[in-house]
Structures are given as C-alpha cells and as structure tokens.
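Undergrad: The lines below spell out each chain.
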Amino acid sequence: MVKATGPAIADALSEQSDEMLMSRYREQAQTEDFNELVRRYERELYRYLARYTGDRALADDVFQNTFLQLHLKRGLYEDGRPLRPWLYAIATHQAVDALRKAGRHPTVSLDQRIDGADRDPGALIDLLTGDEPGPLVEMQSEERREWVRQSIAKLPEGLRQTLILAYYQDLKYREIAEILKIPVGTVKSRLHAAVAKLAEMARAAGPTENGSVP
Amino acid sequence: MNDAALFDEAFGQLDDDRREQLDLAAASDPSLADRRARLRHALSLLLDADDPEPPSALAARTTARILRHAEEPRILEFAPTRPRVRWVDVGVAAAVMLIGMMSLVPAVRHQQQSVGKLMCTDNLRQIGLAMSQYAATHHTFPYVDPSCPASYVGAAFVQLNEAGLLHDHTTLDCPCDGASIPTKQLPRFDDLLGREQHVPGTCRDDIRVDYAYHLGVRHPTTGQTMPLPFNIENRVPLVADQPPFRLDRTNNAAGQGGIVLVGNSPNHGGAGQNVLFTDGRVEWRRTRWISSSDLDLYLNHHERTRPGIHLMDAVLTPCMMRFRD
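So the protein lines, in turn, are chains G and U.
To convert, note that position 57 of the first sequence is 132 in this note's numbering; the numbers rise steadily by one, no gaps.
To convert, note that position 238 of the second sequence is 429 in this note's numbering; the numbers rise steadily by one, no gaps.
Among the hints, a few may not be true.
Once the Cα atoms are required to be at most 20 angstroms apart in a straight line, the calculated SDA-like pairs of lysine to any residue come out as [stated by the list, open to error]:
1. Lys176(G) to Leu133(G)
2. Lys256(G) to Asp172(G)
3. Lys308(U) to Phe468(U)
4. Lys229(G) to Asp241(U)
5. Lys229(G) to Asp242(U)
6. Lys247(G) to Arg231(U)
7. Lys229(G) to Lys308(U)
8. Lys308(U) to Pro435(U)
9. Lys229(G) to Leu236(U)
Where chain U lies over chain G, by a calculated footprint (3+ residues, C-beta under 8 angstroms) [to be verified]:
10. 93-106
11. 162-175
12. 219-228
13. 241-254
14. 264-273
By construction, these hints were calculated from the structure, which means they are not laboratory data.
Remember, predicted model here, so these are calculated numbers, not experimental data.
Think of the CB as a built atom: it goes at the ideal place given N, C-alpha and C, for glycine as much as any other residue.
Can you make the complete structure from the sequences, with help from the hints?
TA: In structure tokens, the structure reads:
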C-alpha cells in the first residue's frame, strides 16, 4: 500500500483534485492516489475528530477507520460528487459509533428541538457583545482554551457537530447540510443555538463569591 | 448589510462579493464597523481553542492498516464453499412445498370433479342413444319380467349389449366414483338365466354397472308392471347415477335384493347426480327431486323401491337389485 513516490510523481498527484484522485483509485486501485488523499486530510480531519470526540486517542482510531471505510466503499463513489462532504459524513458516522461503543452515547437526538434555534441574529450579537468585559476576558489563554474545549464538549450532539464543522473546519452551510443530512436552514439555526448556548455558559462562568473563576 | 451577514462573515460563509460589500458598508458606517469588531472579538473569546495536531505518522499508520486489512483473510474465506444442507433446511423446504401443494389441492380436486362430471354426462348420452335405438326397435325400453330368475335391473344393459347397441361397456362406469368396473365384457343373458336358475343370486356381482335404471311403471288400469313405453309423451328419467344402497345378502330371489338409502349418489361424492331423460338430454340434479309429479328419483310416490304408480313416477334402481311387481 505504501510505496515510495518520487518528487515528480508527488507533484503530479498534488495537482489532482480530490475527486479525480478518488475516481482513479476506484478504477485503478493505485495506492499512490489513496495515500495522497490520506495525507491531504490528515491534519484537517484529525482536528475535526479530536474536537468532536474530545479524545485524541479515539480520534486517531476513528481517523484510520474513516479511511478504511473510504477504501472499502470506493466502489460506491460517483464521478463528480464532492469528496469532502462524503468523507466528513463517513468520519462523523464512525465517530458516533466510536462514542457509542466507548459509552459516551449522545444524549440529545438530532431531531430534537433546540432552545434558541429561532433566535434573531441581531439579538444573538447583542447577547455576545453585551457583557464585555465578560468572565472569559479575565481568563488566561490556556485557561480559556480549556474552558472552551470543555464547554463545547458539553454541547448537545447536533449543536457540537454543526459548530465544529462551521467554525473550526470552515465548511460551507450546504456542505454541512450534506454531511449531516439536514436542511441548510437547520444548519444555521443549530449554529445560532450553539453560540447562544456557549454565551450563556460563559455568562454563568463568572467569578464565584470567593473570587475564583470556575 | 444586516446582522445575519455579520454572523455569516464570522463563520466564513460570505463569498468575496458580499464580503467586499460588507467592507464598504463598514467603512461608511462606524457603528456597523464597531459591531463587526465586537462580534469578532466575542467569538474569538468564546470559541478560542487549541488546534490539536495529528500524532506522528498518522497517515502512514492509516495506509499501513488498510494494507493489512487487504491482506487479511476475509470471514467469507473461512466459510465452506459448499454449505451443508441441514435437516432443518430440508424440513422447512418440505413444509413450504407441502403448504403450496395443499393450497392447490382444492382447485385440482374441483377441476377433476368438473372433468369427471363431464365424462359421466358423455357416458349417459351414449347410453341414451343406445336406449333410444333399442326402444325404436322393440317399442319399449329394455325390461326383464320380475318373474324371470335373472330379473336383475342390470340385465337391461345386458339386453342392450346383446342387441349390439352398447359398443363400449366402459360407458357403464362412472369416472367420478373412484373405482373402475372390471374390464371383462357383460355376461350373456342366457348364461345369466341358466346360472340363476341353477343357483339364485350367483350372477349379481357379474353385473357391475355404476348407473341406476328405470324399474318400469304400473299399467294405469290393470295395475300390472310393464316396461316404460317408447312413445311416452312427457320426458321422464331413464338412467342416472346409482343411489346409495345396501344389498341383501340372503340371495332371496323373491326379494328386491337390497334397500336404497337416503342421500345423493355416491358416484359424485353426494354432491348430486347426472340424470338421463327419455328425450336424450342429461341434466345435473343437486337433489333427488325431479318434478312435482316425481318427488324422489329413486323411490315411488309411496316412498318404496317399487315401480312408479303412474307414468311420470319414475323409479331408478341399482343394477344389482331386481325388477319387482
């Protein structure tokens, strides 16, 4: 599977689109094409899985399973279909399965109505900017990052997925909609709800009576 | 530009044109620029998180794992190429086939009954043709005087056969009764008579016919029994599927030879009987009732197995029983 490739071949592969590599791998099973895809998505997909699962070791395993599934299902790939949403969809399913096996079953159904989903963007911006300087300003960078990581992990399943894909993975609304098999409007409302939820959690994270930050 | 655009920009959802429009709007609107900056700052605080770096050689380990997977034997390779057939499989298959066949049994049986009924009708039509030819010659339908030792009702068919009118004696076998009569020819009447004179009752089993024949009628003025005349004006039953009956094994020559039981003919499973009339027509009757003047095909008006009390009172009797006064 892993073969040494010369610089010329590597350059030629880097010029190919994801879709072209996948189509050729489906037809010719050239390992170089698949290895190139793994390399391209190594950092991006691992970050997504690490944030989503909250467990780096688990993310490592899910990453490998994701590409194993891509290899096994290569015959199902349709020419012209964007590879990125398909790959993220596989990764998300693998992550959900892994979390379930690890006993961290999602507690909120994806179809469940989300509080604050119909919040007005203006009101949401007011909520975000109204409390400055809020408790998060007073935290050190590392402390704040840890708070953010833990807070995102506490979000309901659907909100966490949408927030990570939209903010950290820079995916477009329509790509997220395709990955999660939900309408674009639902993506937006989940995103608003996720941000609102985090803002409420930040407001509640103010100094306690003894002056410490929780 | 509205707040939704600010929010979409913060999440990287604006294309270049809209972002440029937002920049222009912010340049001319200080409050919008301030709101834009405050939103960016708030989100950077709220969503600021470390970027986890992938562990070393993750891509290499992934491709190596896929390679191992490709080289691992599949579970299907351990499966026997020729799966054993278990008894339970055979049983299930047999049960399915049995249920399927059982679902077809009623339809097949109904079809067989329909075909058998048609063949029985054809038999009676041939017998009716022979009877008409006999009656045209003798002016009466076949008949044996009750005083004759060989006065079996079936002897009428013997006469028909000896007259050369019964070309195929298998027409005397109803195909629906489930039993076929012996293939040997009918006995000659003289042989029948000689044997009956010597030992009464010995020839009864030689006349194996599945149909019942007319027992004759009483003369309207003298009351004497007589054969059914050929020139009868109304149509009356002449031959039909034989009724259920029980033989009298005492070999009493003076007796009827048995009794007729209630119910339809057993030839068709009790569903009814084919009846040949003197006009040559064959009709299927679900009951023994023929008309208001003939209430029972197998009994006379006095509900006895004796000749009818008038011309329209037909009484058809099994061939192994005797003509009676």
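Undergrad: Tell me the numbers of any earlier hints that the structure contravenes, in ascending order.
TA: When the structure is compared with the hints, numbers 7, 10, 11 turn out to be violated.
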